[in-house]
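Each protein sequence line maps, in turn, to chains A and B.
Residues 1 to 136 (the working numbering) are what the first sequence spells out, left to right.
Residues 1001 to 1154 (the working numbering) are what the second sequence spells out, left to right.
Keep in mind that the hints were calculated from the coordinates and are not lab data.
This one's a predicted model, so the numbers in the text were calculated from it and none came from an experiment.
Any given hint might turn out to be false.
Stated by the list, open to error - Chain A is nowhere near these chain B residues, computed Cβ spacing over 10 Å in every case:
| no. | residue |
| --- | --- |
| 1 | 1022 |
| 2 | 1094 |
| 3 | 1097 |
| 4 | 1121 |
| 5 | 1141 |
| 6 | 1148 |
As the list claims (entries may be wrong) - Sample of chain B residues facing chain A (criterion: CB under 7 Å; computed from the structure):
| no. | residue |
| --- | --- |
| 7 | 1021 |
| 8 | 1024 |
| 9 | 1027 |
| 10 | 1047 |
| 11 | 1050 |
| 12 | 1052 |
| 13 | 1054 |
| 14 | 1056 |
| 15 | 1067 |
| 16 | 1098 |
| 17 | 1099 |
| 18 | 1100 |
| 19 | 1108 |
| 20 | 1124 |
| 21 | 1131 |
| 22 | 1132 |
Cβ coordinates follow ideal geometry from the N, Cα and C atoms, glycine included.
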Amino acid sequence: MTESEKKALQAKEKTEVMSNAEATKPGPVFTPAVDIFETDNALILLADLPGVKAEDLTIDLKEGVLALSTQMEIPEATDEVGILREYQTGNYYRKFNLSDVIDQSRIEAKLKDGVLRLTLPKVEAAAPRKIEVKAA
Amino acid sequence: MIFRRVNTWPTWHWRNQWGEMDRLRRELNALIDGSYGNSMTEPSAGVFPLMNVTEDANNFYIRAELPGIKAEELDISVTGDSFSISGERKIPEEQADSKYHRRERESGSFSRILNLPSQIDTGKVEAGTSDGILKVTLPKSEAAKPKQISVSGA
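Here chain B stands alone, though its shape is the one from the complex (with noise of 0.2 Å):
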């Protein structure tokens, strides 16, 4: 039995053991608010691109939202356990006697720097954009791989 409760504690990466609690607490805080769907989300760093990581055996997966942004018009870069990112998001002026109505969408430069929990393979890191989401993986260096371990039996 307690090989069971070994093998379902849940992975916290880099997050602190409160990291649970503290959502917990966000999200009551949030429900108090009346707001609960904003509160699906992390804490975010409030660095624009905000960004969702993800992770399997062999990659890291970072994705953002970056509508109207042209892959070329990105700049990335990797060093051993961090990922970097930066651009500008142009909008074209419009002809000079349109008269907005709405003027939402924002333009601006941005750069980010974000750690990941384990050493990547920065030959092999792939990033494309497709309907103004970028994507890029990377490969976890060989080390930080989890490795199966066979059991012969004696």
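So that you can see chain A by itself, here it is in the shape it has in the complex (with noise of 0.2 Å):
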């Protein structure tokens, strides 16, 4: 057992959004925790989305722009009474400038239990091609 599982959860409330641009929807925006890190061909992005269906789910990378929004509709209103609430809930948004440049043709997203994983492979640019000559 290592140190890290050992370690109880705390509990943590979502930071929301802060952005100068307006929301045209009502609710809350919030950020989603995230893990990166790399490898030697690959940006792997890890974020928890709890509640988040895949097709809600916009990822948009753009000029070395990764954007990760959630269009989620807002629940319609049920006869259930609230008695606790703990959490709130809303859609993510998160925003971050990428240093490598990235083959845009594999990105691979996944979504899985409220967990998104997002690989994105580094362009090879350093690796030697070798090109075929054919004999006509």
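Build the complex from these two chains, which are given one at a time in their own frames, with help from the hints.
This is how it looks when you write it as structure tokens:
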């Protein structure tokens, strides 16, 4: 058992996005917790997005800026009465500047149990490429 | 007119009657601090996982955000009027050569107990996860359900 496995999880309130741009839809927008790491040939991003379905998530990579955003509809009111409310639900938004050049055609995104795994392969610029010459 | 007022009394459940004043004070304080957005939530117990509890005539509903945790990794038990949940969030190790830029997601074990306002029918509790959200439906016991009483004219 490693140190991290024995540790007890701490309750954390979600952090709301503070942006100058106004949202057109009502409701809070939160910053998801992420892990970002890189290996030799890819940059990998893991994000906690509880409650997000694949069709509600937009991943946008433009000019080195990666943006994650969700467009969840506000659920319709039910006849349930709130007793205890410790967390809020809302959309998620987060933006990153990428320093590496990403091979856009091979980006992979998987969303499972509310966790997004985004694999951004680096462009193999440095790798020497052999070009075969075919005899005519 | 008096009946109308009785009917519109808010239901405080187990919260005491000063709860509403507390909430108002908190929201005003938060307004002064400029962090109004976060004050919409109740003072939480500060124990993971954070929960939202709602009720309707027949059931209590508990919801908690547990991304990356599968239903089978959770240990849920119910006795009388208390609900307890424990489990562990594991974040699998990545390959050894990975270098981290950011590490905000946390792993670890958790356990929490929550008391509900009334007794529940422990035999019919249902729990399920979808997209990282746990939803538990706890039917109220027959004694705790509101009874419709028909008034017959003499």
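Check: Is the interface hint for residue 1108/B satisfied, with its Cβ closer than 7 Å to some Cβ of chain A?
Finding: 4 Å, holds
Note to self: Next item in the hint list is residue 1050/B. Is there a CB on chain A closer than 7 Å to its CB?
What the structure shows: With Cβ-Cβ at 4 Å, under 7 Å, it holds.
**Prompt:** Are all beta-carbon distances from residue 1148/B to chain A longer than 10 Å?
**Reply:** 15 Å, holds
Notebook entry, point to check: Given residue 1021/B was flagged as interface, is its beta-carbon under 7 Å from a beta-carbon of chain A?
Noted result: 17 Å, violated
Does the nearest C-beta of chain A fall within a distance shorter than 7 Å of the C-beta of residue 1047/B? 6 Å, holds
| query | Holds or violated: residue 1098/B as interface residue toward chain A, Cβ cutoff 7 Å? | reply | Holds, about 4 Å.
* With 7 Å as the cut and Cβ atoms as the points, is residue 1132/B at the interface with chain A? -> 2 Å, holds
Hey, does residue 1121/B actually stay past 10 Å from chain A on C-beta?
17 Å, holds
Should the interface hint for residue 1024/B be scored as holding, given a Cβ-Cβ cut-off of 7 Å against chain A? Residue 1024/B check fails; min Cβ-Cβ to chain A is 16 Å, beyond 7 Å.
Just to be careful: measuring from the Cβ of residue 1100/B to every Cβ in chain A, is the smallest value less than 7 Å? 5 Å, holds
Interface hint outcome for residue 1124/B [beta carbon to chain A under 7 Å] = 18 Å, violated
Q: Over 10 Å to the closest beta carbon of chain A is the bar; see if residue 1094/B clears it.
A: Given a closest Cβ separation of 6 Å, the condition is violated.
Checked against the numbered hints given earlier, the structure breaks hints 2, 3, 7, 8, 9, 20 and satisfies all the rest.
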